[in-house]
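Residue numbers (numbering that gives the first Met the number 0), protein chains in the order written: chain A, 0 to 287; chain B, 0 to 287.
There's no promise every hint is true.
Taking lysine-lysine pairs in the PhoX-like style, the calculated list, with each CA pair at most 20 Å apart, reads [to be verified]: (1) K16/A to K268/B; (2) K163/A to K14/B; (3) K177/B to K14/A; (4) K16/A to K44/A.
Everything labelled a hint here was simulated from the structure, so no lab data went into it. Keep in mind the model is a prediction, meaning the values are calculated, not measured.
There are 2 protein chains.
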Amino acid sequence: METIRTIAEMRRWVKEKAVQQREIGFVPTMGYLHEGHLSLVDLAKKENHEVVMSIFVNPLQFGPQEDYNTYPRDFDRDSRLAKETGVDVIFAPSVEEMYPYYPRQLTTVQVSELTDGLCGASRPGHFTGVATVVCKLLNIIQPQRAYFGQKDYQQVQVVKRMVKDLNIPVVIRTAPTKREADGLAMSSRNTYLSARERKDALCLYESLLVCSELYEKGEREASRLKEAMRKVIAGRPSAAIDYIEICDAETLQPVTQITGPSVAALAVKIGRTRLIDNMILGGNLNCS
Amino acid sequence: METIRTIAEMRRWVKEKAVQQREIGFVPTMGYLHEGHLSLVDLAKKENHEVVMSIFVNPLQFGPQEDYNTYPRDFDRDSRLAKETGVDVIFAPSVEEMYPYYPRQLTTVQVSELTDGLCGASRPGHFTGVATVVCKLLNIIQPQRAYFGQKDYQQVQVVKRMVKDLNIPVVIRTAPTKREADGLAMSSRNTYLSARERKDALCLYESLLVCSELYEKGEREASRLKEAMRKVIAGRPSAAIDYIEICDAETLQPVTQITGPSVAALAVKIGRTRLIDNMILGGNLNCS
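Same shape as in the complex, but just chain A:
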């Protein structure tokens, strides 16, 4: 496995593979890898000749009060895990390499409507940062396929829409959320949790299970589903709800009555750690 730090070197590698007509699968990450990331690599390995993983904590997608500086980083561990899983190249550029004028970045990619609610409302500018860095990485690595986890459901919809709207020549592939044995969605941010908080953090998944059970029993009123979810969270001392929402699975617009594929999504602060999770209701959107 190779580690590449500069855009110029990455381009040389990409060009070489293009001449050889080797297809590239790309897994963008912010590092601190967990099984969720590695399941994306597994899928990418099955579908491509080469797998490139980027490890880049993208400052553009963090708000000024957010955890850019404290976001967990462990390149040696990531490198070992990536190698074991069969990654061919890690692309790990510096902030200066990706944003030579940082913190100025005159050009941004903006996706409207899809980013109005959910994490877009709580984290202004977040998805502009995501769309911009994904656009840059896709232009550098020029993969045939790029892989995203469904844990970041809104991110997946934003990236898919950007790719369609800007005609970026890549196929976006997704894989289901990986969970710990008890159901907690895997996230690099779980490392922030104290033992006590780790227990409370389960409330996100539990509330989704409650929602899903009610849905299966026939409940279609979003307000009732959300209220049931809210009650689960309210029972946990360290938990503070950021949002609980039921949205159309594609447009991400909030629904009052569930009539088609929808997603229950929530963000909850567990102590100082903000966690997100989601579940599809009515319709199998897990594979795409």
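Given the structure of chain A, go ahead and fit chain B onto it with the hints provided.
Okay, now just chain B, sitting in the frame of chain A:
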């Protein structure tokens, strides 16, 4: 010469050329071709194996009060001129092909700072429309080089910056403004001018000549240069100044004293026709 109307067909052609390692030069236009466009084709022919010209009047870059509907169109004439000049493929998609959800386009590319002044101030949203369509076209055609005329000086700077900031794998090439025998910058919009207006329209070039002469004589005070330009325009009955500005040639920020490469730029309404022109002061930026 081939004419391609769909993105899917364009992608097939591009893929074929990529496999053959044929380099593509791309000349984006809104049609109604003149010698300015054709000089870009000439340059593209010298530097590439294949030349693709797009002809697409991009609704996204027109304001609601602007001339999208009346913008001159003559595909047969364009097609003949393109063929004569050696274009290999004309890409002429419909609005529906480029913007399937038109007038909704959720994803846009925004370039800040460079677009604050000049045409960016007079035409809000114009450069977002330009950057978005150029980004889309570059993703569809994937050229090695793309060609832009210096008549649209601010557009060139915006596109160059977008390409750099988003790491789009293309080289932006420019060619000098083509002018009529009397000096009027060639523009598809010149066709709007009545015989009387055509005479008045020369004031843009004349004012730039006056500016340039004063500059050559040593004048470095932007206010004096602009005042001299203003006087030239004021002498023409059908002319109304939109802006006259002296800017840093790269950042496009207005300067008060000329200390480095600068550009004198202006937009003037001649009757109902808005025309632009520009000239570099102090430094040869004509070739790049």
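Hints versus structure:
no.	hint	in the structure
1	K16/A to K268/B	violated, 52 Å
2	K163/A to K14/B	holds, 18 Å
3	K177/B to K14/A	violated, 36 Å
4	K16/A to K44/A	holds, 15 Å
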